[in-house]
Amino acid sequence: MSVLPAIDLMNGQCVRLQQGRYDRQTIYGQTPIQMAQLFERMGYDWLHVIDLDGARAGESQNLKTIEAMVKQTALRVQVGGGIRSLETIEQFLELGVDRVLIGSMAVCAPELLKEAIERFGPERIVVCMDVKEGKVRISGWEEDSGLSPNVFIENMLALGVTTILCTDISRDGMMLGPNVSLYQDLKIKFPTIEWIAAGGVGLNGDVEALESVGITQAVVGKAFYEGSLLSKRVIACLDIKDGRTVKGTNFVELKDAGDPVELAKRYEQEGVDELVFLDITATSDRRELMTDLVSRVAEAISIPFTVGGGIRSIDDIKSALLAGADKVSIESLAVIDPDFISEAVNFFGSQAIVISVSPKRVEGADRWEVYIKGGRENTGIDLIDFLKDMQAREVGEILLNSIDEDGKGEGYDVEMLRAASEVLTIPLIASSGAGELEHFYDGLQAGADAVLAASVFHYGKFSVGMVKHYLQDRNISIRITQ
Amino acid sequence: MRSVQNALDRLNVDYEVTNDPEVVANASKVIFPGQGAAGQAMQAIESLGLADVIKSLTVPYLGICIGMQILFEKSEEGMVECLGVLPGTLKRFNSKDLKIPQMGWNKVKFSGKSVLFKNIEDMASFYFVHSYVADLCDSTVGVTLYGQPFTSIVQKDNFYGSQFHPEKSGDVGSQLLLNFIES
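Residue numbers (our numbering), protein chains in the order written: chain A, 1 to 482; chain B, 1 to 183.
By construction, these hints were calculated from the structure, which means they are not laboratory data.
Remember, it's a predicted structure, so these values are computed and weren't measured experimentally.
Don't be surprised by glycine CBs; every beta carbon is placed ideally from N, CA and C.
Where hints are given, some of them may not hold.
[Stated by the list, open to error] Below, in silico cross-link-like pairs of lysine to aspartate or glutamate (EDC-like), each with a Cα-Cα straight-line distance of 20 Å or less:
no., chain 1, residue 1, chain 2, residue 2
1, A, K135, A, E154
2, A, K265, B, D9
3, B, K96, A, E422
4, A, K318, A, D285
5, B, K109, A, D45
6, A, K388, A, E369
7, B, K96, A, D23
8, A, K64, A, E90
9, B, K109, A, E226
10, A, K222, B, D97
11, A, K71, B, D138
12, B, K91, A, E394
13, B, K55, B, E81
14, A, K265, B, D171
15, B, K109, A, E40
16, A, K265, A, D292
17, B, K156, A, E40
18, A, K318, A, E288
19, A, K222, A, E208
20, B, K109, A, E208
21, B, K96, B, E76
22, A, K388, B, D97
23, B, K96, A, E394
24, B, K91, B, E81
25, B, K156, B, E73
26, B, K113, A, D45
27, B, K96, A, E226
28, A, K132, A, E154
[To be verified] Pair ranges (Cβ atoms, derived):
no., chain 1, residue 1, chain 2, residue 2, range
29, A, E123, B, E46, 55 to 63 Å
30, B, V23, A, D389, 38 to 46 Å
31, A, N346, B, D20, 24 to 32 Å
[As the list claims (entries may be wrong)] Output of the computed footprint for chain A on chain B, the stretches with three or more beta carbons under 8 Å from beta carbons of chain A:
no., region
32, 2-15
33, 28-42
34, 103-114
35, 121-131
36, 140-151
37, 169-183
Kindly generate the complete structure, drawing on both the sequences and the hints.
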């Protein structure tokens with residue numbers, strides 16, 4: 001498989017246009033040559049270069065830049081953008097460009113295209129076919145060509161075309177992944193054509209999906225410059241009392257299933273992304289017990305973990321973090337004394353402060369109120385107002401429980417998650433209610449960045465690995481460990 | 001800090017925790033496990049007299065997170081001058097669609113050769129927590145995508161840096177630390 005990373009050129013610089021608009025552009029600090037060299041170091045063989053000046057003015061301003069990219073790397077280069085004459089094609093090929101991309105010329109001047117193929121060889125000429133709603137659109141050609149892909153391709157075959165770059169416009173820049181079935185159909189109907197896929201292709205498994213239907217070349221553009229490969233997280237929560245896990249478990253093979261350290265190691269092996277320890281100890285030696293546990297967990301595992309329950313002061317946070325916790329989660333105190341949260345963020349940094357919130361739906365309404373003290377006391381504070389306040393105080397993330405759904409196993413409160421994710425620009429962890437595999441998926445679809453569960457993992461209904469494979473099969477970006 | 005110590009303990013590495021310039025100058029390897037903000041880190045470095053010591057190190061240096069960020073020229077976090085071992089300015093993530101901080105596991109695409117990569121697969125996942133990023137530069141050997149491509153591993157001469165936390169990245173993270181220790 002050849003992946004062709006894209007570089008868009010304007011005035012000798014690397015740029016990206018927003019929605020194709022020349023007045024809205026991002027200019028990259030890297031020179032085109034530096035970018036090309038980076039792609040070469042990343043192991044790519046080909047470069048897909050679009051000359052935006054050429055596309056706009058019909059005349060390239062970037063010949064020197066393109067020549068330098070060809071000469072200063074071992075990459076093979078294809079260039080497109082406003083190529084409408086034999087002279088321009090020849091000019092690029094003489095610079096050392098391997099292939100030129102032809103857009104509107106294929107429809108407006110087929111006889112020229114035919115001549116180009118005869119003169120320079122079919123392997124040097126790539127025709128670009130954009131497909132939208134079953135019709136062919138031609139790049140640089142505003143109008144719908146009115147042609148179906150089949151007719152267009154037959155025409156191209158008759159002209160001697162052997163390579164077609166097909167972009168599914170509906171996927172272009174949408175980060176939805178490529179339209180694999182479209183390429184599969186094309187490959188089956190026109191097996192002699194060398195197909196290049198473009199539009200929506202990312203670095204995360206898309207290439208493998210295309211390869212599985214026989215496509216061997218794909219352009220990666222927006223997914224590289226604007227995409228994300230951050231995985232959604234699967235988090236296991238352990239309830240702790242007096243340094244021991246509260247519930248019994250089905251992990252029969254563990255010597256001591258009540259030992260949080262043993263359980264933590266077990267979850268790490270299963271591939272859990274993070275752990276949360278929720279301490280419900282009420283005794284006066286609470287802090288010593290917790291600090292001791294945190295130290296032992298931190299020595300045993302090498303993934304991040306959060307400690308919550310009973311955080312009442314800056315000193316509580318300090319002792320948890322010094323003992324090796326990565327974050328602390330704070331619940332009631334955040335509601336009672338929000339200024340304490342600002343102080344904690346200032347002292348320890350946003351990344352260390354997680355706000356755990358336990359809302360309950362106001363009966364008959366699409367709003368939720370925040371409860372404290374283990375759900376015993378309604379503060380009357382609106383959830384969304386509370387979340388906005390915490391976000392303004394720059395906390396690291398929100399762990400969103402649900403009093404209505406807790407312990408039922410009927411799924412997260414997805415409406416509440418949706419409402420919360422609409423106002424949050426910080427990470428959101430869904431909690432309370434996961435009982436089936438699809439619940440994890442639903443929680444992520446509702447806007448959560450991470451899904452937390454306790455009892456389904458604890459009692460062995462699912463392993464973390466099962467949840468992760470389930471999510472991965474549904475195209476959720478997930479970290480899978482060996 | 002504690003996490004890095006635990007990770008080194010698990011690898012049976014001898015180490016000393018110090019902020020003494022003389023100890024740092026005479027170390028056989030240096031790990032800077034920065035946390036918090038670049039401004040605070042630089043302030044501490046300056047007041048301890050560590051800036052020149054770090055810059056003139058000839059032994060392998062591994063900067064983790066802030067420890068990597070301070071290798072660049074500047075950070076917009078607190079508008080602070082950094083050590084300038086590497087070119088460029090740390091900037092806040094610029095995306096309307098993505099959550100900031102980036103928190104969680106993301107992939108690293110290798111963009112160069114490094115001893116740090118021994119027994120680690122291209123596109124392996126590591127744990128990230130940060131709001132500021134370094135652009136790509138000629139010393140970028142690992143690229144990660146989060147609304148923009150950014151430098152997740154950097155290497156220039158004896159200076160190594162990782163934006164992610166290897167000490168929190170499970171087995172691959174331990175392997176990376178081991179690779180540094182054995183470099």
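For a quick check of understanding: which of the numbered hints are violated here, in increasing order?
Structure breaks no hint.
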